[in-house]
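Peer 1: Protein chains in written order, with my numbering: chain L, 1 to 513; chain P, 1001 to 1455; chain Z, 2001 to 2119.
Derived from the structure by calculation, the hints contain no laboratory data.
The beta-carbon is built from N, C-alpha and C at its ideal position, and this holds for glycine as well.
Watch out, some of these pointers could steer you wrong.
Unchecked claim - Mimicking DSS-like on lysine-lysine, the simulated pairs with C-alpha atoms at most 30 Å apart in a straight line are:
id: 1; chain 1: P; residue 1: K1069; chain 2: Z; residue 2: K2060
id: 2; chain 1: Z; residue 1: K2031; chain 2: P; residue 2: K1065
id: 3; chain 1: Z; residue 1: K2031; chain 2: P; residue 2: K1386
id: 4; chain 1: Z; residue 1: K2031; chain 2: P; residue 2: K1322
id: 5; chain 1: L; residue 1: K191; chain 2: Z; residue 2: K2037
id: 6; chain 1: P; residue 1: K1065; chain 2: P; residue 2: K1075
id: 7; chain 1: Z; residue 1: K2060; chain 2: P; residue 2: K1386
id: 8; chain 1: P; residue 1: K1322; chain 2: Z; residue 2: K2037
id: 9; chain 1: P; residue 1: K1065; chain 2: Z; residue 2: K2060
Stated by the list, open to error - Derived coverage of chain P by chain Z (criterion: at least 3 residues anywhere in the stretch with Cβ under 8 Å from a Cβ of chain Z; other residues may be distant):
id: 10; segment: 1043-1056
id: 11; segment: 1067-1081
id: 12; segment: 1086-1097
id: 13; segment: 1370-1384
Unchecked claim - Far from chain Z, by Cβ distances over 10 Å, these chain P residues were calculated:
id: 14; residue: I1020
id: 15; residue: L1029
id: 16; residue: G1180
id: 17; residue: L1201
id: 18; residue: R1217
id: 19; residue: A1218
id: 20; residue: W1277
id: 21; residue: W1303
id: 22; residue: Y1313
id: 23; residue: K1322
id: 24; residue: A1336
id: 25; residue: A1337
id: 26; residue: G1356
id: 27; residue: V1402
Spelled out, the chains give:
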Amino acid sequence: MNPEVMTAPSIDYIALLPYIIVGAAGVIGVIVEAFVGRNGRRPIQLVLAFGSLIGAFGVLVVNRTTLGLQAEGAIAIDGPGILFMGLILLLAILVALLMSERQLDPAGDAFAPRASALPGSDDERELTTRGYFQTEIWPLFLFSVFGMMLFVTASNLLVLFIALEIMSLPLYLMAGMSRRRRLLSQEAALKYFILGAFSSAFLLFGIALLYGYSGSVEFSVIADALAAEPGQTALVVGGVALLSVGLLFKIGAVPFHAWVPDVYQGSPAPVTAFMAAAVKVTAFGALLRVMYVALGGVRWEWEPLLWIIAGLTMLFGSVVAIAQTDMKRMIAYSSIAQAGFILIGVSTATAEGLYASIFYLVAYGFTTIGIFAIIAMVRDAGGEMTRLDQWAGLGKRSPLVAVSFGIFMFALASFPLTSGFIAKFLVFESALAVDNLGLVIVGVIASVMAAFFYIRVVVIMFFREPVEGSPAAAVPSATTTLALAVSAAVTVILGVLPEPVINLIEQAGVFLR
Amino acid sequence: MSEYTFNDPWWLIILKVLAIFVGLVLMTLFTIWWERRVVSRMQNRIGPNRVGPFGLLQSLMDGFKLGLKEEIIPKTAHLAVYWIAPVISATMAFLAFAVIPFGPMVSIFGVETPLQLTDFPVSVLYVLAIASIGVYGIVLAGWSSGSTYPLLGGLRSSAQMISYELAMSMSFVAVFLYAGTMSTSGIVAAQEPIWYAVILLPSLLIYATAMVGETNRAPFDLPEAEGELVGGFHTEYSSLKFALFFLAEYINMVTVSALATTLFLGGWIAPWPLSLWDGANVGWWPLLWWFVKVQLFIFAFIWLRGTLPRLRYDQFMRFGWKVLIPASLLWIVIVAAARVVRNEFSVTTQELLLLGGGLLVVIIVGSWVLQVRSERRERAQVEAAKAEMDKPFDPYAGGYPVPPLPGQEFTYTSRRAKAAVVEGTATRTATAVLPGESADAPVPSTSDPEEGTHA
Amino acid sequence: MDAYAPILVLGLLAAGFAVFSVTLTTFTGPKRYNRAKVDAYECGIEPTPQPMGGGRFPVKYYLTAMMFIIFDIEIVFLYPWAVAFDQLPLFVFLAMMLFLFNLTVPYVYEWRRGGLDWD
């Protein structure tokens, strides 16, 4: 009288422990927000955030040899997946260090005491004078990291979509929480939310079309269906195109880049660092997995698409960045250009391209976090000073900070002895290996153009007399200093001694299906 | 699970549809008269007694009168929506009745057929869906009138209906757990030995509360709170359009009562003393039992209206969100857990009841402890407030001149002392003062603007 | 599909009746125009000017609507689970409890932060 029509799925909880740790820490964070008094929240949240991120990274390192499909094939924990998750966790730890900074802003941290208070209202001023702090940012941050880890290992289009939403929704909120320039921040949040929701819809339509074609949302089944029936149909082409739109939006590739400058400019600097570094890594991780695993059978369809987008992205980002007078916007356009370079690696559809892309993401992620750490430090009483001319003479006033920033700029401009050089070299090499000379030439041209505005920043910092009202970089607390030191060290070490990391990436092998 | 197959001939379908339609209209007329009579009795009045025997035709005459009245459409109204709103309301009210079972198999002109228009595996879900569409009628009516009161009434009404719909829908989960189906006839059949009103009493209580809120009836008739909102969403409606809303409201009342009967009171199944008679559950007799049970609920509606004063809106929403929803969630968990224990670990019902009794004791003791603690805290707060009052009055509290509170004494402070106060507080908070602001920014006071709950 | 045909018939009848009633008064009722009569009713005073489309109303209603959607989705998951409960293994019960817990956490958070209070 008790027919079992359904059997419980077998789930290896040990293999899924990194996700569980981060996700559960987020949930506990929400409970802490609900029940702990205001003064007790911050220490608990810090312990939860750092504990879970470091713990998850530790478990990941211990578990690194147990590869395979988990949770009934919904999650693929494979070499690249573990690499991406590890990279995301490391970047997240650095971002958490930036987020816990409390010395730079005279009023406290980088986040609004209450994001719902009307900008410039008496309410807001009162909250500031009373020294209120927002600690909800920590659970949001952890949820986002949880979504990212799921996003890069999703082996199922539905999990992919859910992970995308788990990652994005907290980000929309975090973008609107800047303590300074509230209106700009709220505008950024709203733009990001509306465009992000739009791109999610594209992704969902793509999923629907691919499901219509193959009858499954699993990557492996879709790949098999494509292999069994290589003839292209409208469903596949439409599905691939719409799916790519959704993913390329998160990457910020042209023509889906419109949100990047505004959102980078308006968000609080630590959140911008998080978006520029971790989100980009995540989106590329998912793009690589979807393209290589699920859609590898129709790569003749998407390769030309990616060539065009990569070329456009590099050229557009580099050209428009030249005209920028705001530091954050310039970095935003530079990040668009960098996405174009990484897309070269993706578009090769070879293992070398995969490794080159991963290496590029490692290099780019750490450099970006360093850049935003410094942007948060160069400030006056009203907040960050992001106009380029305000940076004049920084080299004289705060030489150490200026030198670090110079290193990052050289890395982005891919000068030798920095991580950027090796990264770009590997990417171009992988493109040449598949005889894609045209794209490499476009890439070199874009690099040369990009070098101009990176060098310009260095010139402004070191060879321009300081103007009135441009103070030295503020002295940060130990956390920001640590994040900055790590990013700078990684940037230099990867440029001088890249072999261990390259070996690590190549040992990781390819995607499982 | 005995679910009927519905393959009535077309003339029978039309017959049943007509019967339901006419029945509902008659039921509405009757209920209005019945309500007026009962409420009158409760208030020591007589009520309508002029038209027809006992005034029975009063509502019918009112209907005719409304039809002959001038129709006033405000010039600010959005015409198309204004016209369609009562149609939606009335149509959905009728439609929800399609799946209610009135009785067992009977023979109509030689065709064996159940006394029910139709049924399918998701009947209850269908009722909920139709009820949700009915909300559109109300919110559109309020919005399209282009007037303040209807807009507010429509908003309140929709917020209220969706809030109580949650509790209502959750109260069904336990029923589905036991019945194993969402088909209305299946649920009635599953109550053959014992009604769910007995074994799932908390579900019934939650449902009974939610259904009053769902139908906008007293004491939850806030959308039509005459004192605040005139007529609520139908303020700007007159003539037969108004009559349609009235009709919809009373049909909804009948529908939720019928649903309660179906889900908890065993539908058309005869109650205990009657069930001893073999013929009680066959033929046309169950229709009578069903009708009596539905009238029971309708009488409860009327009784509530005659007895209880209207709630305030915040009390009402608090009750819905902070009492009904958590209670139904908890109840779902308890029922499911009990069932899982019974299914998985061969525990007898007796042991389960003992365990439940033990848990109940724990809960009661626990809540008593909590109660004592919260009372103690409250007392401490009162003491603290008293101590606050006893403190000498500070005319410059928070950096601004303030008047003394009741019970406080104003004492003269010299100008120099005031200046010293301002100076002192300003330096204390200097670290947190925004740059560009003058030093005499507002100084923290003791009250906490963010969350009052975090004492 | 047979089970749904009667609903269509009932719907047609009910809608027909409603449309008939709505249009009927245009012919049966008297018509005496009066400028004050067709103004929006506000207890006899000049009506508040309303912007096209109804204007703004408290954000609380949106909050209620969002909460409703969250709980409605919860219920949509609860129903099939409840109907098939006896055929499901223990795992599904635990999964549903986890789901309920995860939904309760933000609910409790909103409660504590005063999101459920109407001032």
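Peer 1: Would you mind marking each hint as holding or not holding in the structure?
Peer 2: Structure-based check of each hint:
1. P:K1069 - Z:K2060: violated (38 Å)
2. Z:K2031 - P:K1065: holds (15 Å)
3. Z:K2031 - P:K1386: Distance of about 66 Å is beyond 30 Å: violated.
4. Z:K2031 - P:K1322: At roughly 50 Å apart (the allowed maximum being 30 Å), K1322 of chain P and K2031 of chain Z break the hint.
5. L:K191 - Z:K2037: violated (46 Å)
6. P:K1065 - P:K1075: holds (24 Å)
7. Z:K2060 - P:K1386: violated (35 Å)
8. P:K1322 - Z:K2037: violated (43 Å)
9. P:K1065 - Z:K2060: violated (40 Å)
10. 1043-1056: violated (count 0)
11. 1067-1081: Satisfied; 10 residues make the cut.
12. 1086-1097: Result for this restraint: holds, n = 8.
13. 1370-1384: Answer violated; 0 residues pass the 8 Å Cβ test.
14. I1020: violated (7 Å)
15. L1029: L1029 of chain P clear of chain Z: closest Cβ-Cβ about 14 Å, beyond 10 Å.
16. G1180: Answer for G1180 of chain P: violated, closest chain Z Cβ roughly 6 Å.
17. L1201: holds (18 Å)
18. R1217: The claim stands: R1217 of chain P keeps its Cβ more than 10 Å from every Cβ of chain Z (closest is about 20 Å).
19. A1218: Answer for A1218 of chain P: holds, closest chain Z Cβ roughly 19 Å.
20. W1277: holds (32 Å)
21. W1303: Nearest chain Z Cβ is 28 Å from W1303 of chain P, so the label holds.
22. Y1313: violated (6 Å)
23. K1322: Incorrect as stated: the minimum Cβ-Cβ distance to chain Z is 6 Å, not above 10 Å.
24. A1336: Non-interface label fails for A1336 of chain P: nearest chain Z Cβ at 6 Å, not farther than 10 Å.
25. A1337: At about 8 Å from chain Z, A1337 of chain P fails to clear the 10 Å cut-off, so the statement is violated.
26. G1356: It holds; G1356 of chain P is separated from chain Z by about 17 Å at its closest Cβ, greater than 10 Å.
27. V1402: holds (24 Å)
Checked against the numbered hints above, the structure breaks hints 1, 3, 4, 5, 7, 8, 9, 10, 13, 14, 16, 22, 23, 24 and 25 and satisfies the rest.
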